[in-house]
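S.K.: The residues making up each chain are set out below.
There are 2 protein chains.
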Amino acid sequence: MSDERPPPAPRGGDGAEAVSADPMEGLSCPVPWSRYERVTLAHGGGGRLTRQLVDQLFKPAFESPELEAELDGARLALGGPVAVTTDAFTVRPLVFPGGDIGSLAVHGSVNDLAMCGARPRALTASFVLEEGLPLATLERLVRSMGEAARAAGVRVVAGDTKVVERGKGDGVYIAVTALGETLAEVGPDRIEVGDRVLLSGPVGDHGTAVLLAREGLPLPEGLVSDSADVSPAALALLEAGLAVRCLRDPTRGGLATVAAELAAKSGHGVRLDAPLPVRPEVADACELVGLDPLYVACEGRFVAFVAPEDAERALAILRAHEVARGAPLVGEVVGEHPGVATLRSELGAERVLDLLSGEPLPRIC
Amino acid sequence: MSDERPPPAPRGGDGAEAVSADPMEGLSCPVPWSRYERVTLAHGGGGRLTRQLVDQLFKPAFESPELEAELDGARLALGGPVAVTTDAFTVRPLVFPGGDIGSLAVHGSVNDLAMCGARPRALTASFVLEEGLPLATLERLVRSMGEAARAAGVRVVAGDTKVVERGKGDGVYIAVTALGETLAEVGPDRIEVGDRVLLSGPVGDHGTAVLLAREGLPLPEGLVSDSADVSPAALALLEAGLAVRCLRDPTRGGLATVAAELAAKSGHGVRLDAPLPVRPEVADACELVGLDPLYVACEGRFVAFVAPEDAERALAILRAHEVARGAPLVGEVVGEHPGVATLRSELGAERVLDLLSGEPLPRIC
Numbered sequence: 536m537s538d539e540r541p542p543p544a545p546r547g548g549d550g551a552e553a554v555s556a557d558p559m560e561g562l563s564c565p566v567p568w569s570r571y572e573r574v575t576l577a578h579g580g581g582g583r584l585t586r587q588l589v590d591q592l593f594k595p596a597f598e599s600p601e602l603e604a605e606l607d608g609a610r611l612a613l614g615g616p617v618a619v620t621t622d623a624f625t626v627r628p629l630v631f632p633g634g635d636i637g638s639l640a641v642h643g644s645v646n647d648l649a650m651c652g653a654r655p656r657a658l659t660a661s662f663v664l665e666e667g668l669p670l671a672t673l674e675r676l677v678r679s680m681g682e683a684a685r686a687a688g689v690r691v692v693a694g695d696t697k698v699v700e701r702g703k704g705d706g707v708y709i710a711v712t713a714l715g716e717t718l719a720e721v722g723p724d725r726i727e728v729g730d731r732v733l734l735s736g737p738v739g740d741h742g743t744a745v746l747l748a749r750e751g752l753p754l755p756e757g758l759v760s761d762s763a764d765v766s767p768a769a770l771a772l773l774e775a776g777l778a779v780r781c782l783r784d785p786t787r788g789g790l791a792t793v794a795a796e797l798a799a800k801s802g803h804g805v806r807l808d809a810p811l812p813v814r815p816e817v818a819d820a821c822e823l824v825g826l827d828p829l830y831v832a833c834e835g836r837f838v839a840f841v842a843p844e845d846a847e848r849a850l851a852i853l854r855a856h857e858v859a860r861g862a863p864l865v866g867e868v869v870g871e872h873p874g875v876a877t878l879r880s881e882l883g884a885e886r887v888l889d890l891l892s893g894e895p896l897p898r899i900c
Numbered sequence: 536m537s538d539e540r541p542p543p544a545p546r547g548g549d550g551a552e553a554v555s556a557d558p559m560e561g562l563s564c565p566v567p568w569s570r571y572e573r574v575t576l577a578h579g580g581g582g583r584l585t586r587q588l589v590d591q592l593f594k595p596a597f598e599s600p601e602l603e604a605e606l607d608g609a610r611l612a613l614g615g616p617v618a619v620t621t622d623a624f625t626v627r628p629l630v631f632p633g634g635d636i637g638s639l640a641v642h643g644s645v646n647d648l649a650m651c652g653a654r655p656r657a658l659t660a661s662f663v664l665e666e667g668l669p670l671a672t673l674e675r676l677v678r679s680m681g682e683a684a685r686a687a688g689v690r691v692v693a694g695d696t697k698v699v700e701r702g703k704g705d706g707v708y709i710a711v712t713a714l715g716e717t718l719a720e721v722g723p724d725r726i727e728v729g730d731r732v733l734l735s736g737p738v739g740d741h742g743t744a745v746l747l748a749r750e751g752l753p754l755p756e757g758l759v760s761d762s763a764d765v766s767p768a769a770l771a772l773l774e775a776g777l778a779v780r781c782l783r784d785p786t787r788g789g790l791a792t793v794a795a796e797l798a799a800k801s802g803h804g805v806r807l808d809a810p811l812p813v814r815p816e817v818a819d820a821c822e823l824v825g826l827d828p829l830y831v832a833c834e835g836r837f838v839a840f841v842a843p844e845d846a847e848r849a850l851a852i853l854r855a856h857e858v859a860r861g862a863p864l865v866g867e868v869v870g871e872h873p874g875v876a877t878l879r880s881e882l883g884a885e886r887v888l889d890l891l892s893g894e895p896l897p898r899i900c
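So the protein sequences, as listed, match chains V and P.
Just remember that the working numbering sits 535 ahead of the position in the first sequence, which is counted from 1.
Just remember that the working numbering sits 535 ahead of the position in the second sequence, which is counted from 1.
These are calculated hints, taken from the structure and not from any lab test.
Hints may be right or wrong, so weigh each one.
The list cannot tell twin chains apart, which means a pair is met if one copy fits it or any two copies do.
[What the hints assert, rightly or not] Using 25 Å as the maximum straight-line C-alpha spacing, the simulated DMTMM-like pairs for lysine to aspartate or glutamate come out as follows:
1. Lys-594 with Glu-844
2. Lys-800 with Glu-871
3. Lys-800 with Glu-720
4. Lys-800 with Asp-889
5. Lys-800 with Glu-822
6. Lys-800 with Glu-601
7. Lys-800 with Glu-867
8. Lys-800 with Glu-727
9. Lys-594 with Glu-605
10. Lys-594 with Glu-682
11. Lys-800 with Asp-819
Generate coordinates for the entire structure from the input sequences, incorporating the hints supplied.
M.R.: In structure tokens, the structure reads:
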């Protein structure tokens, strides 16, 4: 968002004029419900324009009886221990190959909840909008969010919108809290020596696709974000009664960071075995820009630590789900090097996988 | 935040050097746990520096077993229907007379939950930090948030941190979701003709104090934000078994907007009776800057719609709480002008209170 944008202005009345496209977003559809083309500070003021946003954009997009109830919050009937996670989404660009910040916010949130062993039931959404954001862009992103939520079987039950001045934001930030019902206790403290490490699919697609799109680099054929709801696949392992110790999605910091963190937290060694699944186009792109795909974020993958006797069954269950159809066994929890994660090469040499240092890939989620 | 700031740099080792003060925040205390003076993109990268923020700042400030558990989210044992609200806090300046964005985020969230008839039990917090924010500022705000949460009897059970580049944020934005247990069903649909309208105290202090501080205008003696946790006072009405129809806090848009919205939603007339309680220093300051205090946000006030036979008892209960010690009766639900709110002057003339149009007071919460 740059400062040379014209100030927002009423559109004149008939609602059918074309809206000037915003090169950043590449959108040009009009917003028939609004006299404005762009977000103004008044859209966050709590008055008429805030009401218009809520009534004519958020409510139809989210189809939520809780939002219709018009309370300061929502009431939910949730069984079992309630699980809750929260995430702020600041990805740039707002729309990227394979997704956008709206669908990503849903996928990232329901996945985090599934990683807690919980079935996602409801979301809340807080929007921080930058003055001057085209309303058509906001509409597209909110609709995408609504569609992703419906596909994931969750509803947005409460929300908030704030508007900050031009130059104090970056179009849209979305903070989402996900609520769900705990199915099973999983966590790093349950990891045992001998557990098998399963991965739902190839790593690094999301971060690589977002980075290339942001930098304007050519995107290889077929390279798109893996952003997806993995909760049905992950929860299927729990529903089958398998001895699942720990679930984790390799977002910021990627697979290597997850392995290093879970080794440290469990106090056991975690050994991953090469070759780890990385799509050739992801490997090529990472080599081009100097990234290690094992440290690049995914938004539609997860790691499952499973007792050895249940590993084969777990793989079969995962592979029955489209998001995990190529799920491989990628490693094992070992008694050696307690607290440390390693990668063992095909020739048997082991190297330590450390936590990510520095920030090679900002703003990918 | 301006672009001329020097890039963040390690501090050299002994951790005892003074940190250069940031004029915006007016803080100069060092951050002994960090080699950095300012937030860097790597603090949001999911690696070592993110871990340092979590382990050495957020965990001590929030004292939360759920955060210590190190899951992707938290598990909570909540009874009754779960109530949930969400809000993004973008107030500027970050520190204002009578509070800061950290304590405000707690007060605003627990108050919203109380307005749903629910006892606050847990919070989640998502931070969007701007690269270059002094870590000493972040530390002060996070500690303030932790103190406010402890005072309100709630814990921060899950969190997230993202860092955006300089010029893409405004220091700190905090999105909070509050979870609680529903004590009683309240809402606009329960409002009946004859209900009395009670107000917990004078209006307009918060918005006026923030505005004057932001604009660098002189602050009259005693004019500070009313930011406070009103949940004990509000929930005491429910615990006493009174016929409370609806609770609402006059934040964005102020008391007039609340009256207009609740009139519209209930389908009844809402008549407020002058004089409404406004501190003289608030009235003077509002006159100076051309604002109507009835449209100015509070963050430590609320309105209760109560059946007429319970109104006196409700006032007595409110006045037993420090945050509501001067609570007056301010109006009544009437059969005339259905769906419309009015203000009746002391001479008996009624004027319509409309929804706020435009945005006279951005970024006050």
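S.K.: Treating 25 Å as the Cα threshold, decide for Lys-800 and Glu-720: within, between, both or neither.
M.R.: Within one copy, since 16 Å is at most 25 Å while 43 Å is not.
S.K.: Can you tell me if Lys-800 and Glu-867 fall within 25 Å by alpha carbon in one copy, between copies, both or neither?
M.R.: For Lys-800 and Glu-867, only the intra-copy Cα distance (15 Å) is at most 25 Å; the inter-copy one is 59 Å.
S.K.: First find the shortest C-alpha distance between Lys-800 and Glu-822 inside one copy, then the shortest across copies, and answer within, between, both or neither for a cut-off of 25 Å.
M.R.: neither (31 Å within a copy, 59 Å between copies)
S.K.: At 25 Å max between alpha carbons, let me know whether Lys-800 reaches Glu-727 within a copy, between copies, both or neither.
M.R.: within (12 Å within a copy, 56 Å between copies)
S.K.: As a check of your reading, is Lys-800 near Glu-871 (CA-CA no more than 25 Å) within one copy, between copies, both or neither?
M.R.: Classified as within; 15 Å inside a copy, 65 Å across copies.
S.K.: Up to 25 Å between alpha-carbons, please classify Lys-800 paired with Glu-601: within, between, both or neither.
M.R.: between (38 Å within a copy, 15 Å between copies)
S.K.: How do Lys-800 and Asp-889 come out at 25 Å by Cα distance, when the copy is not named: within, between, both, or neither?
M.R.: Answer is within; shortest intra-copy Cα gap is 14 Å, inter-copy 56 Å.
S.K.: When Cα atoms must be at most 25 Å apart, do Lys-594 and Glu-682 count as within-copy, between-copy, both, or neither?
M.R.: Within one copy only: 13 Å inside a chain, 35 Å across chains, cut-off 25 Å.
S.K.: With 25 Å as the alpha-carbon cut-off, assign the pair Lys-800 and Asp-819 to within, between, both or neither.
M.R.: Answer is neither; intra-copy 33 Å and inter-copy 58 Å both fail.
S.K.: Under a CA distance limit of 25 Å, which applies to Lys-594 and Glu-844: within one copy, between copies, both, or neither?
M.R.: neither (48 Å within a copy, 37 Å between copies)
S.K.: Check Lys-594 against Glu-605 for me: Cα-Cα at most 25 Å, and say if that holds within a copy, between copies, both or neither.
M.R.: Within one copy only: 10 Å inside, 35 Å across.
The structure is inconsistent with the numbered hints 1, 5 and 11, although it conforms to all the rest.
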